[in-house]
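Between the sequences and the hints, there should be enough to build the whole structure, so can you do that?
Here the protein sequences come in this chain order: X and A.
Each residue of the first sequence is one higher than the one before, starting from 319 at the first, in the numbering used here.
Each residue of the second sequence is one higher than the one before, starting from 319 at the first, in the numbering used here.
Hints in this document: simulated from the structure, not taken from any laboratory.
To spell it out: a stretch of chain A is covered by chain X in this simulated footprint if at least three of its residues, at any positions, have a beta carbon under 8 Å from a beta carbon of chain X; those stretches are: (1) 511-523; (2) 545-556; (3) 669-677.
Among chain X residues calculated to face chain A with C-beta under 10 Å, some are: (4) GLU576; (5) VAL599; (6) HIS700.
Idealized CB from N, CA, C, for every residue including glycine.
Protein chains: 2
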Amino acid sequence: MTLRLDRDRLIATMEEQATYGATEDGGLHRLALTEADREIRDWFRDQLRAADLSVRIDEFGNIFGRREGSDPDAAPVLLGSHLDSQPNGGIYDGVLGVIAALEFIRTLDDKNIETTRPIEIVNWTNEEGSRFQPAMQGSGVWTGAHDIETERTKTDDNGVAFGEALDNIGYRGDVPAEPGTEYDAYLELHIEQGPKLIEADVDVGVVTGIVGFTWGAVTFHGEADHSGPTPMHHRSDALVAAADLITSIRRIPGSLGEQTVGTAGYINAEPNSINVIPGEVTVTWGFRDPNDEVVEQAYQRVLTEAKHAAEREGVNYETEERMRAPAISFPDRPVNAVQRAVNQCNYQSLELVSGAGHDATHLTSVCDTAMVFAVSENGKSHSPDEFTSWDDCYKAATVLANAALELANDVTE
Amino acid sequence: MTLRLDRDRLIATMEEQATYGATEDGGLHRLALTEADREIRDWFRDQLRAADLSVRIDEFGNIFGRREGSDPDAAPVLLGSHLDSQPNGGIYDGVLGVIAALEFIRTLDDKNIETTRPIEIVNWTNEEGSRFQPAMQGSGVWTGAHDIETERTKTDDNGVAFGEALDNIGYRGDVPAEPGTEYDAYLELHIEQGPKLIEADVDVGVVTGIVGFTWGAVTFHGEADHSGPTPMHHRSDALVAAADLITSIRRIPGSLGEQTVGTAGYINAEPNSINVIPGEVTVTWGFRDPNDEVVEQAYQRVLTEAKHAAEREGVNYETEERMRAPAISFPDRPVNAVQRAVNQCNYQSLELVSGAGHDATHLTSVCDTAMVFAVSENGKSHSPDEFTSWDDCYKAATVLANAALELANDVTE
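Here it is in structure tokens:
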């Protein structure tokens, strides 16, 4: 039997959360560990308590709510995402996953449904990574990918330490930031942040994994001469080499894979004056693909293209790979549970690999993990233009709930 | 008979001036109307007085020293350049022209040589345009190209007005900033700031004019999406369009003229984050050529290339021409005087068109103007690496002196 959520309550709760850190253009500005984050955390903690969940806050600020199962010793099913936003972000990103999990619990209570396994909801601290880096910081600490003491010393642009900011908003909890027990599964609902679902005209996305990526930078060193009297054949123009590389970064994905993407997102030129030939320019690369070998090929290609660009312009260069993350493939068990929930609801779905990282990335090291994607109407995110219809929010939440319900009652091990 | 300058005194005076605003790496940091500028002005005024010149300072801070001729009513010959420098500039740029003029006067005094025409030396205020824009401000006001009251209100990066800064260093003089009388000729000695003379292996440059130029900017408007989940075919990447245009700007001169140069010196990308597709990018163009028609062709070409680059990437764009200056051709009379001085000294010379603007640009509207270029050893300027050997300083100064002497005695009108 399919579990039906309360659509009106889901919408009302989404609208209520969107009032904390609301911007004039209908978006959210709710950076991690700011006053707006404290307010949404207070509100969220109250909602957990109102739903009779036992609330615990760990020493990194991750907030958990637990609903006991009929077998309190069974490994729990964990559901959640994040309540923080990008600067001037949208009202769905992350939050929808937390509110959907809350609506699931409320519905179980409404219908007096008991599950075998305990169910926990989580709000991970600082998923966005806008104010403090890295992104997915709370889940990274909790799963042991990052050291908590190191992360507490990270500072924002104003020199405020993460630990200081967390203490200031009163969300340094007393529970260790670690699983502490075995978990059965983690399910995360998130908006797609891309156009694949809307283009395929489906109801919901079944996420089978997360792409791998390489991030890095190339710095070209030329000669900063006066732009007037220096003949063209005497120039070593660092910006021309960088431009050459940027157009290569645009082309590389087209010769690698259907799902490969490549971006030059950042550029800095020195001295950056209309009247001076640029002497030093740094440009970044980012390549993503579901296949680690393709990511490696993209990395090798950008190194080759940087070399060619430097040679063509007669400049020196250096490269620095800043980050490499392997592709993640979710295990069959939770993915199949999501797919069965889709079928049960008679929804149309698309299997896809997430092009962005999520807290689920870290959770894969702790337990069976999968994700549900809600349709992004225009493929946009991190912007007030981000939009998912209430219908699509409801469908994705319903899939999450039914998949979670199956997992929470499945104790055949 | 060729006039011989005092080589040792010329060098000593160049070395002495270089102590005002000296940087640790042997360069100069002597921005207009700063304390270092006040000090070099005090020193220069003392040198003029010591040479028995009558000193006058105009209300825009331009400093003049006058040596009377045997016919005090004859139109004077004006010699000079500027004592201010770029941030971390070199010790020759501009200054050599002022010191060479001073050495000429001193030599005339040593040898008791009287000229028919009066001779005046000038230090123009703020040639560099680093602290206050535009460049060549003092000569621009003096020749009537700019309005003095408007220029006095221009502010530096700290909001200090030009007029306030000029008053603070005590160099707002009481003479109107205008010629006031007819001038016979203006000669300016400057380092080349390019490699043409050193490549031609000559002693000195005979400048026949100044290139024309167009300066402007193109802004591309794309879509700032998340760099992960946005497929390549969904992107409108403003930085890719800008990169496309930059490589075009590098190529355009090669299809226009032997002396055409083109530069993209400035770029700004938004939001400029490794993880976001650039949504808005501005890049500047600068094209120069001795022929105005070629400058116009370059302008039309950059507009066409901006259109193509925008179309290829599917972004919008807008262009703005910020400045257009016609090419200047110096009249034969002063150019021939410079060439005769070269021949008289048995020097090898190259005729060339200045690729950079100079105070001489403005002086052409007032009187017959020409320039002498000293060899730049590595073609560099606006840098502590700027270098002209004392031999080359002496040769260029000697040519300036002999050309000026001829003009100052030529009253056949």
